[in-house]
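*Asks:* Line order of the protein sequences matches chains A and B.
Going by the numbering used here, the letters in the first sequence line up with residues 1 to 313, in that order.
Going by the numbering used here, the letters in the second sequence line up with residues 1 to 313, in that order.
Bear in mind the hints are in silico, worked out from the structure with no lab data behind them.
Incorrect hints may have been included.
[As the list claims (entries may be wrong)] Mimicking BS3-like on lysine-lysine, the simulated pairs with C-alpha atoms at most 30 angstroms apart in a straight line are: (1) K119(B) <-> K32(A); (2) K101(A) <-> K119(B); (3) K18(B) <-> K68(A); (4) K119(A) <-> K101(B); (5) K147(A) <-> K147(B); (6) K68(B) <-> K20(B); (7) K178(B) <-> K101(A); (8) K129(A) <-> K68(B); (9) K20(B) <-> K129(B); (10) K129(B) <-> K147(B).
[Unchecked claim] Examples of chain A residues toward chain B, derived with CB under 7 angstroms: (11) I66; (12) V78; (13) E82; (14) Q93; (15) N105; (16) A109; (17) V111.
[Unchecked claim] Derived coverage of chain B by chain A (criterion: at least 3 residues anywhere in the stretch with Cβ under 8 angstroms from a Cβ of chain A; other residues may be distant): (18) 13-26; (19) 56-62; (20) 65-72; (21) 88-102; (22) 105-115; (23) 198-206.
Computed from a predicted structure; not experimentally measured.
Here a beta-carbon is modelled for each residue, glycine too, at the ideal position from N, C-alpha and C.
Letter by letter, the chains look like this.
There are 2 protein chains.
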Amino acid sequence: MSRSVLIALGGNAILQHKEKGTSEEQFENVRKTCEEMVRLVAEGYRIAITHGNGPQVGDILLKNEIAKNTLPAMPLDVCGAESQGMIGYMMQQSMYNELRKAGLNIPVATVLTQTLVRKDDPAFQSPTKPIGPFYTAMEASRLRVEKGWTVINDSGRGYRRVVPSPIPASITEGSVIKELFNQGTIVIACGGGGVPVLADENGALQGVEAVIDKDHGAALLATLISADILLILTDVEKVALNYGRPNQKDIDDMTTGEAKMYLAEGHFPGGSMGPKVESAIRFLEAGGERAIITSIGRALDALKGKAGTTIYR
Amino acid sequence: MSRSVLIALGGNAILQHKEKGTSEEQFENVRKTCEEMVRLVAEGYRIAITHGNGPQVGDILLKNEIAKNTLPAMPLDVCGAESQGMIGYMMQQSMYNELRKAGLNIPVATVLTQTLVRKDDPAFQSPTKPIGPFYTAMEASRLRVEKGWTVINDSGRGYRRVVPSPIPASITEGSVIKELFNQGTIVIACGGGGVPVLADENGALQGVEAVIDKDHGAALLATLISADILLILTDVEKVALNYGRPNQKDIDDMTTGEAKMYLAEGHFPGGSMGPKVESAIRFLEAGGERAIITSIGRALDALKGKAGTTIYR
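Can you build the whole structure from these sequences, using the hints too?
*Replies:* Here you go:
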């Protein structure tokens, strides 16, 4: 039986660090990424896709900021939904084209996704995730008062708003995504971790000014659709101990127990490898078969056990 | 057996003419619209939803224009996809909340939609649809040369870009939308008529700088999902002959033959009632049972034959 894989694409699948972010650049990166993903499909893997949205939602927020004297600025949840539309479009078009090129006739669709978070998530007490443009110290003071934002000095580069990054509790469109996936559609969903929403006492949803780590969203989505494998694609081929130091040691495979130990020892920094390893553990503890962290170019080899870092229960 | 209805929402379902376009205004309008649509669902109608995106994509284009010296401006197809994300999010959240309030447990999801148009559509020879910001005469000249745009003097209010408005040929995500609809999901799709794409000689899709009339998109979508009824909601209760003149005469019902005659007589202006009546005819000639044009508040009465204008084969 064909194995099912939830692919979590990092930002570099859509935009490289040195690029400006033109639509041509993004389309070309997405096209290359889709070419690699279609290789998996051609080998019989059933895939669903999720992706980050950091640079895209950042640009949308900044455009809103620059134009704010002319047009009402949209809040973060709406901007996140816009970025899902933008990236989903580029990706579903590119997947369609690359599948067709490979002679594969498989439907592709993006499902706009909301992700429920909990009001009592401790993240709401300590916002940590920088978003949007840089501000001057004076603007920062004004925004703290006027909008009630938390604005911090970001590594001396200027002042930046930080928002909470809560753990996703459930995916509102989960049943729809699962149904489509089970029927053989390549679903693109939960982009940027999904638009974070809170439920009020009556269960009514409302967007909340927060961001969800896309790898945490991916772990939840992979569990929800009962994927066999969570495949997290990033810009390194393997997870490493002592990363970037002379004694760096790449990891071929590890158990969730080992992964937890390395996490506790501080091998995997927050905001980069940390959430990826945590998400792998969460997926495996919820019943997943294996989680793989590798680069896009090594994805197929990694699925065959010949590359990347595989994490087992 | 329950009747199936494709609802085509006009711009006023999301934003009223006098409003600025804040997210609060849009959410509140969408909420009220969803409240009305849920009344239909509560009476047993199975619905799918499509919607216009004019003001939203206009604002996104203008934000891109204002910020263009800082950030790369996105082309029209990408902005259209963003607007589908924005409006789809507001609508699926509001539908979820209103359904829940009514005690109905029905999944809702937005499927990002591309609409295929034909290269040889005569619309590409004569762009007519104004989009985006106003320009000065000097900017207009520059844009004509630099970008190859068609820029016209828009009713003396300034210069504006016009793009082609081709007739939609097929909906790329059609099979997915139909599948979800048949399984009972309230699908929101084909927003703004769908992102227009052209296929090259190999069948590969690429976005094209054009806009699709949302009512034409709605007719195609309604046919595709085999809806019994196409329900076009706008800001008047009935279609009228001699609209706005002393001898105005509201129409309760008409056949497609009568509708064609009135169209030929010039009763329904292009850009407003014209495309709605044309779409109704196209839907009916493709096998639809009836098409209704009415206001949001009269939708349920119109389905029962007590309001609005009904068009039959």
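*Asks:* Each hint: holds or not?
*Replies:* Okay, the hints, checked on the actual structure:
1. K119(B) <-> K32(A): 26 angstroms, holds
2. K101(A) <-> K119(B): 21 angstroms, holds
3. K18(B) <-> K68(A): 18 angstroms, holds
4. K119(A) <-> K101(B): 21 angstroms, holds
5. K147(A) <-> K147(B): 39 angstroms, violated
6. K68(B) <-> K20(B): The given pair, whose Cα atoms are some 22 angstroms apart, holds under the 30 angstroms limit.
7. K178(B) <-> K101(A): Status holds; Cα separation ~25 angstroms.
8. K129(A) <-> K68(B): Holds, because 26 angstroms separates the two Cα atoms, which is no more than 30 angstroms.
9. K20(B) <-> K129(B): Satisfied, since the Cα-Cα distance of roughly 22 angstroms is no more than 30 angstroms.
10. K129(B) <-> K147(B): 17 angstroms, holds
11. I66: 4 angstroms, holds
12. V78: Hint on V78(A): holds, closest Cβ of chain B at ~5 angstroms, below 7 angstroms.
13. E82: Since chain B brings a Cβ to about 4 angstroms from E82(A), closer than 7 angstroms, the hint holds.
14. Q93: Where the cut-off is 7 angstroms and the nearest Cβ of chain B is about 5 angstroms from Q93(A), the hint holds.
15. N105: 10 angstroms, violated
16. A109: With a closest approach of 4 angstroms, the A109(A) hint holds.
17. V111: Check passed: Cβ of V111(A) comes within 5 angstroms of chain B, closer than 7 angstroms.
18. 13-26: Our answer is that it holds, as 4 residues pass the Cβ test (under 8 angstroms) against chain A, meeting three.
19. 56-62: holds (count 3)
20. 65-72: Held - the segment 65-72 of chain B has 5 residues with a Cβ nearer than 8 angstroms to chain A, which meets the minimum of three.
21. 88-102: Result for this restraint: holds, n = 9.
22. 105-115: holds (count 7)
23. 198-206: With 5 residues closer than 8 angstroms to chain A, the segment 198-206 of chain B meets the three-residue bar; holds.
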